[in-house]
Structures are given as C-alpha cells and as structure tokens.
Amino acid sequence: MAGPGNRTGEPGAISLLLVDDEASLREPLADYLIRQGFAVMQAHDAAKARALLIETMPDLVLLDIMMPGEDGLSLCRHLIESKNLPVIFLTARGEATDRIVGLEIGADDYVVKPFEPRELVARIRSVLRRAARAPSAPQQDALYEFEGWQLDPLKRKLTDPEATVVPISSAEYRLLRAFLDHPRQVLDRDRLLDMVQGREAHLFDRAVDNQVSRLRRKLEDDSRAAKLIQTVWGGGYRLAADVRRLSPTPDTGA
Amino acid sequence: MRDLLPKSLLGQMLLSVAFALLVAQTLSAVLLYRAEEQRREAGLINALAFQLVADPRLDYRGFAHEGDGADSPGRGWRRLRIERALASPIVHGELRDAGREEELREVLAEQGIATAELVVLSRPIHSDAFIMRGLRGRPRWRGEGRWDPRGEMLVAGLRREGEEQWHVARQPLPGDMPRALGSLIFQTLVLYVVLVGGLAVLLRRITRPLAALKARVEQFAETRATDGQIEPTGPADMRRLIAAHNAMEARIAALIDEKDVMLGAIGHDLKTPLAALRVRIESVEDEVERARMAASIEDITRSLDDILSLARVGRPTDPLERTELAALVASVVEEYEDMGEPVELAETQRIATPLRATWMRRALRNLVGNALRYGGSAKVSVLREPGAEGNGWALVRIEDEGPGIADAEIVHMLEPFVRGEASRNRETGGAGLGLTLARAIAEQHGGTLLLANRRGAGGKIAGLVAELRLPLPR
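From first to last, the protein sequence lines are chains R and P. Here the first sequence is numbered in the working numbering, starting from 1 and rising by one per residue. Here the second sequence is numbered in the working numbering, starting from 1 and rising by one per residue.
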C-alpha cells in the first residue's frame, strides 16, 4: 500500500480518522467501517494524522494509544484542546488505570483490543450522539450530587454518603444518569429505554422495572420510607431528590 | 517462663553475658570464701596453740598472787587468758569440737608437747565466767571489741603428760561474714556496669542496623520498590550485608520491571493481531462459522487476560477504595442473570471494606462462572463473619449443585493450569487459571479462598462451595 489516505464512503457519510501503526489491523478495520457506511481516513502515526487534520476535519477520531513516535495520549490532548474532536481510544492494555487515564485526558470512550467490530460501531454512534446533544464538554465531567450521594460520570463511580464506593453496572449507570439529568420529572418506561439505550442491546430486552429495582437496591432505596426513586401511578418513575453539579475533580484536564 | 526470655538479639546476648558473669563470680566467691575460712581456722588454732605453748612455766609461781600482778599489761593479758584449773573446762551439756581438737593436737605435737588430755569447745562469751570476771575487772578490754559478750568464743583445755593441772586458753571467734565477700560483691557490681554496659553499647551498634534491615526487608517484600533503601551503617560486616541487600533489591526490582515490560509487549503484540483477526472474520458469510471463530478468539483473549492478570496481581497499580461489597457481588450476579444464567443472589449484608473493585469483580466472575460451568447453577451470599481478634471477615459464598471435586483433587484445583476433569471439559475454555487468579486476588486483599465439597444428608456430595474471605478493617 503506497500510503494511507482518504477513502470515501457514501456521500454525506460520517467521516472517521483511524490512527494505528499496525497495518494488519488498520486496513481490515477501515474496510469494515467503510462497509458499515463510514468515510474513513487512515494514518499510521501521529505525524501523519496531524498532517491529514490540516486538510480535513473528521467527525470522530479512532486512536491507538501505543504507537512509535508521538503516542496516542499526547495526540489525543492535541485533538481535544485545539480541534475539539471526539476521540475513541483503541487500546491493547485493559487495566483499569490505563482506561481512566485515557478518559481523564478527555477521550470520549475506549475500546479494548480485540474488540467486536459491531460494538465499536455502536460506540462510535453513541459518542457522536452525545457530542451532538451536549456541546459543552466541561459540564459533562461535573459530579452529580443528590441526598449525600455522588456520581462521577467520568469514572462511572457512585459513592454513598459515607464515601463508600457502590459498584453499579453500566446499565444502572445510564439509568441513574437519566434520572439525575431529569430530577423530579416523571420518566415513563419508553422514555427511560430511549435514554439509557447503549451498546449492550440485550440489557434492554429486560424490563426497565427490573433495572430500576436493581438500582434501588444499590441505593439502599428498597428499605426506605421516602423513596429516592418513586414509582408513579400510571407507569413511570421519578427521582425525588434535588441534584447539584459539582465542579469536576481538579486533575481532570479539559 | 519462656515468654519472660528476651526475644531480641540484644536482650539475649546481654542476658547470657550477665548469666556467665554471675556464674564466674559465684565460683570465685565460693573459692575465696573457702580459702578465707581455712585461713581463719588455721589462725584460730595457731592462736590457741601459741597461748598454750608460750605460757611460761614461770607463771606457776605467780598463779597464787593473781590479783596483784595486774600492773604489767603483757602479763595481765597472758594471765587472763591462761587459766589454770584442776579440772577439764567442759561444763555439763557442752559438746567437744572433735575436728579442732585434732588439729590443735597436731600443732602441739609439732611443738613437742606431750598431751595427756585435750578438750576444745565453743561457748557464748557471756556464759564464760573467767572472761566475764576479767571484763568486769578491766573495762578497757571491752573497748578493744574482741571480747563482745554477745559473741562466741573457743575454749581449749590441755593437760600435759605427767601433770595434774589443766591449762585453759581462750580465743574469741570472729563474726560470720569474711570481709572479702563484701568486696567481692562490690567487684561484681562494678564488672556488671562496665562489662554489660559496654557490651550493650557495642551490641546496639550491631543490632540497630539489623533492625533497620529487617524493617526494610519487610517493606520491600510488600512494595517491591527500591525507594527508601537504607544506608550501610554499623560494623564493617553489617555494612557489607546492607550493601549486598541493596544490590539484591535493585536486581529483583529490575527483574520485575523487565517482566512487566515483557508482559506489556506480549499483550500488545498478541492483542493487535487478534483484533485484526476479529475484524476480518466479519467478512465470513457463514454465520455459524463466524460465531465459532468469534468464540475462539474470545477464548484466546480470556486466557491471555488471565495470564497477564496473574502476572500482575502481585503489583496492582490501582489503589484500595472503600467499596460496598454486597453491591459489587450483586452487580456480578446481575451480569450473569442478564445472560440468562441460573444464578441466585441469596442472603446479603451491606459490608463496606477497602478493595480494588476491578480485581475483585474479576475474582467473583471467575468463581460464579466456574460454578455455572461445572456446577450448573450458582447461589451467592455475602455475610459478615466474626474473627478471632475482633476484626472479622467478609465472607462471599458461592455454592453450586454440581458433582463436586474428589477430595484428593480439591487442593490442586487452586494451582495454575489445572482444570477439573480436564479431558471432558476441554472445550469449555479458559487456561485453567480462573481459580488460581481468584485466589491470588483474594490474597492481594489479604484474604483467602477455600474450596470444599458441600455434603448433603447421608454424606453424599451435594455440590461445591467456594468461600472467599476478606479481612475487615479495625
């Protein structure tokens, strides 16, 4: 191959920049994404990526972390600070701290190699949807606080009033996030399903009620008289608490 | 008794030196005391003999005029001591001192005195009429202190061959404790202060760096990081030991770093082609075939993750965080629930304890996954268990209803690459590291993992139970 460059899909398609030094992965992945209807540019290192970005602006960047020369983390900082581009990391390192580092410097999501290509597509769409919905990035990282509980959207970490971490699944996280973004509003099941829709489609075949009851259990809500998440007669739920947004943790580079 | 002995090197050495010193001093005290005793005894006997031998025959003449011979102290002294009597000085009820009699007899024989009768005995000074009379007559004697009426005295009576008259000599017995013993005790005390004190200072120079080294080894065993190494101090041997230890630490740390780099490289180099493969199989038309390929890749990935995790489990990079264990267990159970697996969350208690959620989640997944794979179902409970020292344990129990494991095999199940009934379950995947990793994660948290067969009524195996215990703080 003479050199990675532009490959267009259908006109008006979502354009992606794929940066990975491994041609054996980059090329078949680009082919796959084109088949899925994306327009894909390829770069084998950070320098090439920077050069491509002068000419055109993609909608989203897929970025390998470990590359010779400038690494993915450094390029990511540049992309977010000066271009305000959404970034998804492709990483071979699955350790939790590596993921957090990627998210902390402002990446929108990460995918651990080897990934399911369909999952990657789902994540691309999800990130773009979020980027379209919430243009103000800093607000995204702000902590939610309600009734002494805190939710860190970056680390997806829920802590109780005694600062104990209460682990929740990603479905529960999205559900809680939906409630926190719409405090004291009645959300019916269809709306909740719509808002928490994510990559793990199979989760949402299950009744929303089941997810809500799990979330209540995590919030110690099932034993309380005045419930945090109230069932509204006629089909729906409501968060019966005020929500504050706290400024993001100081170490978050945004 | 054993508990009273000092445990430290310093204490033990000081104790043994003090003990050795005590034994040596006691021995020399006994020897000295006995020599002193002998000297004193010989002195007594000689004094008595001298009086009896030196008694001038001339004094026979003066015997009748005892009262007016008092002008000369020398004569008076002799006169008082030497009593001439017509009978043996022994009074009824007094015991003869056969040992001293024998000694005195020998001394006298050496002087050429032929003994007809000899009596030696001891009596309290105040009951001796002769001395008491003399004391009353010459109060100055009392000042000399030799004749203290409270003391004891020796009385020796001698009748020479061919004489009717007895000569009686008297000698006070000195007090019990020889002066040498007092000085010996003083000497011992000085020795103790000088020797034991000096030794303590010297030993501290050795044991202080040793204690620092011990603390350092413990710290290194825990962190495996070379920062905070100790400076070589103390005697030359200690310095060399510390320097050698520091070098060894550096070597171990370098090896561990190499291992981490190598594993990172392996992970990267294997996962990228796997990712490429995973993308490529999307173009396989046959859906069944594609699903099988995807499953194989997933298997390889899982084994690779297990191997990498097992290699890293001893050096976790993420910190301990106070976490609600029951919620963590519930979220793992719910994952399996969502996949339609027969998993049940039984009794749970809310327990907040410091842990590494990503690692613990992995251990729980392995245990629940195993129960489902080999036991057909899983029942999970979270309980608080009181401990012996009051802190207690958080206990996660995972029960299945499978065939269990033969008792002989059960201990091997936690070893790496061992699979239950390997041949039959080969296709169920995994590198056989699941339980090993779960145990390593439990140990990373200071806890334990136990496997046991669950016995039903009649002792038949009703299934397997895995018990994961984590220590609770405070």
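Bear in mind the hints are in silico, worked out from the structure with no lab data behind them. No experiment lies behind these values; they were computed from the predicted model shown. Ideal Cβ positions, reconstructed from N, Cα and C, are used throughout, including at glycine. There may be inaccurate statements among the hints.
[To be verified] Partial list, derived from the structure: chain R residues whose beta carbon lies under 8 Å from chain P: (1) A92; (2) P117; (3) E119; (4) A163; (5) T164; (6) K218.
[Stated by the list, open to error] Covered stretches of chain P (chain R as the covering partner; in silico rule of three or more C-beta atoms under 8 Å from a C-beta of chain R): (7) 213–226; (8) 262–270; (9) 273–282; (10) 316–324; (11) 327–338.
Of all the hints numbered above, which does this structure not satisfy? Sort the numbers upward. 3 and 7
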